[in-house]
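Start from the sequences, fold in the hints, and give me the full structure.
Protein chains in written order, with this note's numbering: chain A, 1 to 615; chain B, 1 to 482.
Treat the hints loosely; a few may be bogus.
[As the list claims (entries may be wrong)] Label pairs and their calculated CB-CB ranges:
(1) 240(B) - 33(A): 37 to 43 Å
(2) 139(A) - 19(B): 54 to 60 Å
(3) 17(A) - 192(B): 38 to 44 Å
(4) 240(B) - 34(A): 23 to 29 Å
(5) 86(B) - 6(A): 30 to 36 Å
(6) 362(B) - 89(A): 38 to 44 Å
(7) 222(B) - 7(A): 56 to 62 Å
(8) 227(B) - 6(A): 26 to 32 Å
(9) 64(A) - 362(B): 55 to 61 Å
(10) 138(B) - 33(A): 28 to 34 Å
(11) 34(A) - 19(B): 17 to 23 Å
[Stated by the list, open to error] The list that follows gives simulated cross-link-like pairs (lysine-lysine, BS3-like), each with its CA atoms no further than 30 Å apart:
(12) 112(A) - 100(B)
(13) 26(A) - 16(B)
(14) 356(B) - 26(A)
(15) 36(A) - 140(B)
(16) 64(A) - 384(A)
(17) 394(A) - 384(A)
(18) 290(B) - 112(A)
(19) 124(A) - 36(A)
(20) 265(A) - 477(A)
(21) 64(A) - 560(A)
(22) 140(B) - 290(B)
(23) 503(A) - 528(A)
(24) 383(A) - 503(A)
(25) 204(A) - 477(A)
(26) 487(A) - 560(A)
(27) 172(A) - 133(A)
(28) 503(A) - 560(A)
(29) 436(A) - 383(A)
(30) 356(B) - 38(A)
(31) 104(A) - 383(A)
(32) 356(B) - 112(A)
Rather than coming from a laboratory, the hints here were simulated on the basis of the structure. Note that this is a predicted model, so its numbers are computed, not measured. C-beta atoms are modelled at their ideal positions from N, C-alpha and C, and glycine is treated no differently.
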Amino acid sequence: MTTEGNNRSRVLLIGLLVVAVILLAKLFYIQIIDDKYKINASNNSMVYDMIYPTRGIIYDRNGKIIVSNKVTYDILVTPREVSQFDTLLLASVLETTPDFIREKMAEYSRNKKKIGYQSMVMMKQIKPETYMKFAEIQYNFPGFRGQVRSIRDYPVNAGGNLLGYVSEVDQKYIDDHPGEYRPGDYAGKTGIEAAREKDLRGEKGYHIYLRNSRNQIERRYKDGEMDKEAVPGHDIVTTIDADLQQYGQQLMKNKVGSLVAIEPKTGEILSLVSSPGVDVSMLADISQHYNEIIKDPHKPMFNRAVQAPYPPGSVFKLVNGLIGLQEGTLNMDMAYPCYQGYHFGSHKLGCHNHWSPLRLEEAIMMSCNGFFCYVLRNILENKKYKNIDEALDKWNEYVQSFGFGHKLGSDFPAELGGTLPTSKLYNKRYGKGGWKFTTIISISIGQGEVGVTPLQIANLAAIMANRGWYKIPHIVKASEGVEIDQKYYERQYTMVDTTNFKKVIKGMWRAVNNGPGTGCTAAIAEVKGLDICGKTGTAQNPRGADNSVFICFAPMDDPKIAVAAYVENAGFGATWAAPIASLLIEKYLNGETSRPDLENRVLQGDLMSRVKTYN
Amino acid sequence: MGNFSDRGVKQSIDWKLVISYLLLILIGWVNIYASIHSSEPSSIFDFNVRSGKQFVWILTALGLALIILFAVNPRFWESAALPLYLFVLVLLVVVIFVSKDVKGSHSWFEFGPVKFQPAEISKISTSLLLATLLSQTNYKITRIKDFLMTALIIGVPMLVILAESETGSALVYVGFLFVMYREGFSGWWLFSIILAVALFILTLTVSPYVSLLVLIGVILIITIIIPGRIGVFGWINLGILTLLCLLPWILGKTVPEESFMAKIKPLYILLGICLCVVVTMMVKGYKERKRYLSMGALGLVAGIALIFSTEFIFNNILQDHQRKRIEVLLGMKEDPSGVGYNVNQSMIAIGSGGFKGKGFLNGTQTTFGFVPEQSTDFIFCTVGEEWGFLGCLVVIFLYVFMIWRIVVDAEKSRESFTRIYGYCVASCIFMHLFINIGMTIGLMPVIGIPLPLLSYGGSSLWAFTILIFIFIALYRQEKKYY
Numbered sequence: 001m002t003t004e005g006n007n008r009s010r011v012l013l014i015g016l017l018v019v020a021v022i023l024l025a026k027l028f029y030i031q032i033i034d035d036k037y038k039i040n041a042s043n044n045s046m047v048y049d050m051i052y053p054t055r056g057i058i059y060d061r062n063g064k065i066i067v068s069n070k071v072t073y074d075i076l077v078t079p080r081e082v083s084q085f086d087t088l089l090l091a092s093v094l095e096t097t098p099d100f101i102r103e104k105m106a107e108y109s110r111n112k113k114k115i116g117y118q119s120m121v122m123m124k125q126i127k128p129e130t131y132m133k134f135a136e137i138q139y140n141f142p143g144f145r146g147q148v149r150s151i152r153d154y155p156v157n158a159g160g161n162l163l164g165y166v167s168e169v170d171q172k173y174i175d176d177h178p179g180e181y182r183p184g185d186y187a188g189k190t191g192i193e194a195a196r197e198k199d200l201r202g203e204k205g206y207h208i209y210l211r212n213s214r215n216q217i218e219r220r221y222k223d224g225e226m227d228k229e230a231v232p233g234h235d236i237v238t239t240i241d242a243d244l245q246q247y248g249q250q251l252m253k254n255k256v257g258s259l260v261a262i263e264p265k266t267g268e269i270l271s272l273v274s275s276p277g278v279d280v281s282m283l284a285d286i287s288q289h290y291n292e293i294i295k296d297p298h299k300p301m302f303n304r305a306v307q308a309p310y311p312p313g314s315v316f317k318l319v320n321g322l323i324g325l326q327e328g329t330l331n332m333d334m335a336y337p338c339y340q341g342y343h344f345g346s347h348k349l350g351c352h353n354h355w356s357p358l359r360l361e362e363a364i365m366m367s368c369n370g371f372f373c374y375v376l377r378n379i380l381e382n383k384k385y386k387n388i389d390e391a392l393d394k395w396n397e398y399v400q401s402f403g404f405g406h407k408l409g410s411d412f413p414a415e416l417g418g419t420l421p422t423s424k425l426y427n428k429r430y431g432k433g434g435w436k437f438t439t440i441i442s443i444s445i446g447q448g449e450v451g452v453t454p455l456q457i458a459n460l461a462a463i464m465a466n467r468g469w470y471k472i473p474h475i476v477k478a479s480e481g482v483e484i485d486q487k488y489y490e491r492q493y494t495m496v497d498t499t500n501f502k503k504v505i506k507g508m509w510r511a512v513n514n515g516p517g518t519g520c521t522a523a524i525a526e527v528k529g530l531d532i533c534g535k536t537g538t539a540q541n542p543r544g545a546d547n548s549v550f551i552c553f554a555p556m557d558d559p560k561i562a563v564a565a566y567v568e569n570a571g572f573g574a575t576w577a578a579p580i581a582s583l584l585i586e587k588y589l590n591g592e593t594s595r596p597d598l599e600n601r602v603l604q605g606d607l608m609s610r611v612k613t614y615n
Numbered sequence: 001m002g003n004f005s006d007r008g009v010k011q012s013i014d015w016k017l018v019i020s021y022l023l024l025i026l027i028g029w030v031n032i033y034a035s036i037h038s039s040e041p042s043s044i045f046d047f048n049v050r051s052g053k054q055f056v057w058i059l060t061a062l063g064l065a066l067i068i069l070f071a072v073n074p075r076f077w078e079s080a081a082l083p084l085y086l087f088v089l090v091l092l093v094v095v096i097f098v099s100k101d102v103k104g105s106h107s108w109f110e111f112g113p114v115k116f117q118p119a120e121i122s123k124i125s126t127s128l129l130l131a132t133l134l135s136q137t138n139y140k141i142t143r144i145k146d147f148l149m150t151a152l153i154i155g156v157p158m159l160v161i162l163a164e165s166e167t168g169s170a171l172v173y174v175g176f177l178f179v180m181y182r183e184g185f186s187g188w189w190l191f192s193i194i195l196a197v198a199l200f201i202l203t204l205t206v207s208p209y210v211s212l213l214v215l216i217g218v219i220l221i222i223t224i225i226i227p228g229r230i231g232v233f234g235w236i237n238l239g240i241l242t243l244l245c246l247l248p249w250i251l252g253k254t255v256p257e258e259s260f261m262a263k264i265k266p267l268y269i270l271l272g273i274c275l276c277v278v279v280t281m282m283v284k285g286y287k288e289r290k291r292y293l294s295m296g297a298l299g300l301v302a303g304i305a306l307i308f309s310t311e312f313i314f315n316n317i318l319q320d321h322q323r324k325r326i327e328v329l330l331g332m333k334e335d336p337s338g339v340g341y342n343v344n345q346s347m348i349a350i351g352s353g354g355f356k357g358k359g360f361l362n363g364t365q366t367t368f369g370f371v372p373e374q375s376t377d378f379i380f381c382t383v384g385e386e387w388g389f390l391g392c393l394v395v396i397f398l399y400v401f402m403i404w405r406i407v408v409d410a411e412k413s414r415e416s417f418t419r420i421y422g423y424c425v426a427s428c429i430f431m432h433l434f435i436n437i438g439m440t441i442g443l444m445p446v447i448g449i450p451l452p453l454l455s456y457g458g459s460s461l462w463a464f465t466i467l468i469f470i471f472i473a474l475y476r477q478e479k480k481y482y
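As C-alpha cells, then:
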C-alpha cells in the first residue's frame, strides 16, 4: 500500500504542478506577451468629457428666427469636495431657500457611497445674471460650480404643436435609436424638432483626459490631439410664415380646432394652428410643465391639425360632385329637386330652405344636401359596376386620390390618416347585401364614416386651387445642408380631370361672392378684389353643437394660399370658420385686414364654454 | 491546554504551513484594501469598509486557529465527524427555504448583519466524515458497498449545494475524486472523468466530429499501449484515423454540393465506422479474452453517448446564466458588455499589470469598479494588476507550496485518518485555487467561488482556517507522541 500510495501521491503532485504551470503560462501570456489587455486598460483610465453641440436654429420662410438657443447654467455639486459653507449666502445668491440647499446636501450625504466622486446637478437652468452673481463668490464654495447648458429659446410664439419640444432622452428612446444617444442627451420629441432631429442635433464632440488612480483628472490626453470638437446642428428653414402663424393663433384663441394654410403651388404649409396648443413659454423646460399639460382637459399636446379625424361636413360635397362629373353620372345641366331634404321611405335627410330644383353650381353655392344625395346615389348605383360594393370601392379609390383615408406623407412625424369607408367595412357591419345607398346616405354630405384631418381638407383646398393636383404638404424647406425628400416636389394628380374642376370652382366662387341675400353660404368671407373661392361645412358633432368648417383659396385665377378652418362646436360654417379663414387670407395677401368689426368679433370670441372636455 | 511535555510547540507544529497560511491572509488583506481604496479612501483599519472588517475576520480566524491547535483534543474531530456532517446537511437543506435570493442562489443564512454560508463549513464536515470512513481498517474502495458509501457522503451535500444554485461550491466536491484516487480508486476512472470533461468542451467549442475523432484516437492509443506492441492492425487503424481526420476536407473537395452524397454528413460516416469498430472490438475482446478491448469498446460507446447528449445537456439541463457563461468562456460568443464583461474586465486588469505590476494602490482597473466583485471572487485581479506577473507567481507559489506541504505531511502521517483528511484539505484548496484563478484569467467559467484566504469574507476565511488548522492539529498530535 505504501509504495502504491507513494506512487499515487507522486501522480497527484505532478498533476498539481501541471495545473500551476498552466495557470502561470496563461498569466504569462496575458500579462507579458499579449499587448491587447494593456491597450484596453488605458481606455478605461481615459475620461471622455462630452461636448454638446448647439442645436440648429429654426427659421421661418422669410428668414425670421422662430426657435434659437439661449444660455443657462446648471449648478453642480461634488459632495466629496464640499466643506463648511454659508448656506444663507448661497441661497440668497442662487435665489432659492436655505432649506432647499440643506435638503439637497442631506440627500447627497445619505447617498454618499453611491455618489462617490461624481458631481450632482443641484439646480437647473439658472439665468445667466444669477449665475454671474454666483461666479463672483464661487471661491467661497468649494465643490460647487456652474455648467453651461444651452436651451431652446422662442422669440416668436409660433405654437408648441408645430415646433415641438426638446427633452432628455429616456431609456426607451435610447433603445429605439441604437448607438445614437446616451443618457443625458436631448432630442426633439414632437413637431419640427422631431421631424428634423437628425439635422438639428449636430454631432457631439469630446475632450479626452487621463485620470489617476484616485479618479482625479490629471492632464489632457496627447495634448488634445485626439479630441473631437462638437459640430453644431444644421439650421432649418421652415415653410411657415411666422407673422401669419401668429395671427392664426390669435384668431383661434379660445376656440378648439385647427387652422391650416398651404401654398397650393408648392404644398408648403404657411401656418398650422392647433388650438388650444402648448404655449412656447412652456416648451423650453417642458418637463417642469408636463403634469400641467397632461392634466389639461383640452389635451393641448394633441395636434388636432394632423391627428384629429373630423367629419368634413359639406366641404366634402366638392369631392362627391367631382367624382360624379368624372364618372359621367353627373353633368352641369342636371337639376334635382330638394324639398327641405332628400326623402327616402319614411326618412329624410334634411336641408335648409332654398329654391328648387338646383344644378351643380348653385348646389355648391347654397350647399344643398338633397342635391348631393342624388349625386352619390348616381355614383353608387352606376350600372357600370356589378354591384354597390364595387361602386363604393371605386368611389373610395377616387377619394383616396384626393389625399383622404391615408397619411398624406407630410413631414409631421405624428400625422394620422383619418378614415374612409370601404365595402368591406359595411359588409362586416350590415352583412353582404345588407346595405344600400340609403344606408350610407350620410357620406353624401361628409358625415358618417368619413373622417379627415384639417391638414387633409386644407390639402383639398389646395387641390381645388390647382385644379386637380397637390404637392404633399410639408413644413421644412430645402436649404444649405438640409435636403428634403424628392416626393415633396412631385405633383400628385387626383383621378378627376382638370376640366371638371373648373366647373366646380365656379360654384365655390359664387358661394363667397354671389352677394348677400342670393342664397350663397359664405358671403361673410368675401373680400373685394381677392376673389376668394370657398365652401362651408357644418359637421355634426356627437359631443355637442355642430363643428364649423370652411375651406377656401384665393385668388381664384392665380391661387397663392389655400386655407382650411375647423372650429369645434362653433355652429354653422359661416359663423366662425369662414370669417377666420377669410381674415387669414386677407392678412396674407394684403398684409392687413380691412374689416375691424369682423376681426374684433373673431378675436374676442370665446367658444371654450361650448366645448365638452375629454374627462 | 496542550501538553508540552513531549515535543514543544516549536517542533510539533508545521510552521512552514502556518507561515504560508499567514502570508496568504496578509496578502489578501492588503489587496482587499487596495481594491476598495479609491472608492472608499480610508485607513486599512477603518471598520466601516471591507479592509477593516477583514481585519476583524482575520483576528477572529487566528483566535479560532489557536483554539483548534491548543484547546481542542484532535481526537474530537474523528468522533464528532458523523453528527457534524448530519448537522451541516440539515443546515444546507434548511437554507434553501429560508434564504433570500442572492444572484439566483439560495445559500446564505442572515442573522442581522452577519451572513454565513453553510456550504463553506460543509467542506469541513464532509472531509472529516470521508476521512473517518476511508480510514476504517476493513474499508476497501474497490468493494461496491464501500464505494457507494463514499459516493453517498460526497454526493449528497454536493447535490444539495447544486440545488442552492451554488455551482462553484458543488464543483469543489469533484476534488474529492483525488482523495479517492489516492486511497485506491481506479486511475482509469479518474482518467475517464477528465476525458469526459474534455470531450464535453470540445463538442461545444469545435464540433462533435472533432470530439469523436479525439475519442477514437485516445481509445486507439490505449489499445495499442496496453499490449505494449503495435501490430499490423494498429498501423492500419492509425492510417484509417488519419484518413478520417481529412474526411470532411476530402468530401468538400470531391463531392458536388447538390448531390446525394453531400447530404451524408461526415459525422454520420464516422459514427457508422465507430459502430463497426465497436462490434469488432467486442467480438475480438470476447474471443481472445482481451478485457481491455471490451472495455475500450464500452468506453467508445459511452463517449459517443456523451458527445451526442452534450448538446442536449447544454440546451436543456444547464440554467440560462450557466449556459451563457460557458458560451462566453469557450469563446462561443463575443459579448464584452454582457456576460463576458466580468471575464473581459478581469483579464484586462490582470493583463495590464505586466511583469512588475502597477504598484500598490496604483491599479486603475480594480480600483474603479471596472472589475465586479473585486474584493471577493475577483481579488486575484488586484494582485495581477498591482503586483504583476511576479505577484501572481508568488501567490500561486504559496498555494502550491501549501498544498504540497499538506500532501507531504499527510503521506508522512502514520494514521490514515490524518492522511486522508490531509488529502481532503489539499483537494479543496486546489479546486478553489484552480477554479477561481482559472475564472479570472478565462480558463474556467465564471462560477462564483472565493480564493482561499485571500478573498474578502468571514465565512470563507473561517472555513479555510478551520479546515487547515484541524489538519495542522492532527499532524501536530502525531509529531508530539511519535
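Taking the hints in turn, this is what the structure says about them:
no.	hint	result
1	240(B) - 33(A): 37 to 43 Å	39 Å, holds
2	139(A) - 19(B): 54 to 60 Å	55 Å, holds
3	17(A) - 192(B): 38 to 44 Å	22 Å, violated
4	240(B) - 34(A): 23 to 29 Å	39 Å, violated
5	86(B) - 6(A): 30 to 36 Å	35 Å, holds
6	362(B) - 89(A): 38 to 44 Å	40 Å, holds
7	222(B) - 7(A): 56 to 62 Å	20 Å, violated
8	227(B) - 6(A): 26 to 32 Å	27 Å, holds
9	64(A) - 362(B): 55 to 61 Å	59 Å, holds
10	138(B) - 33(A): 28 to 34 Å	54 Å, violated
11	34(A) - 19(B): 17 to 23 Å	34 Å, violated
12	112(A) - 100(B)	26 Å, holds
13	26(A) - 16(B)	28 Å, holds
14	356(B) - 26(A)	16 Å, holds
15	36(A) - 140(B)	53 Å, violated
16	64(A) - 384(A)	55 Å, violated
17	394(A) - 384(A)	11 Å, holds
18	290(B) - 112(A)	74 Å, violated
19	124(A) - 36(A)	42 Å, violated
20	265(A) - 477(A)	14 Å, holds
21	64(A) - 560(A)	20 Å, holds
22	140(B) - 290(B)	26 Å, holds
23	503(A) - 528(A)	22 Å, holds
24	383(A) - 503(A)	25 Å, holds
25	204(A) - 477(A)	25 Å, holds
26	487(A) - 560(A)	21 Å, holds
27	172(A) - 133(A)	39 Å, violated
28	503(A) - 560(A)	20 Å, holds
29	436(A) - 383(A)	14 Å, holds
30	356(B) - 38(A)	13 Å, holds
31	104(A) - 383(A)	79 Å, violated
32	356(B) - 112(A)	35 Å, violated
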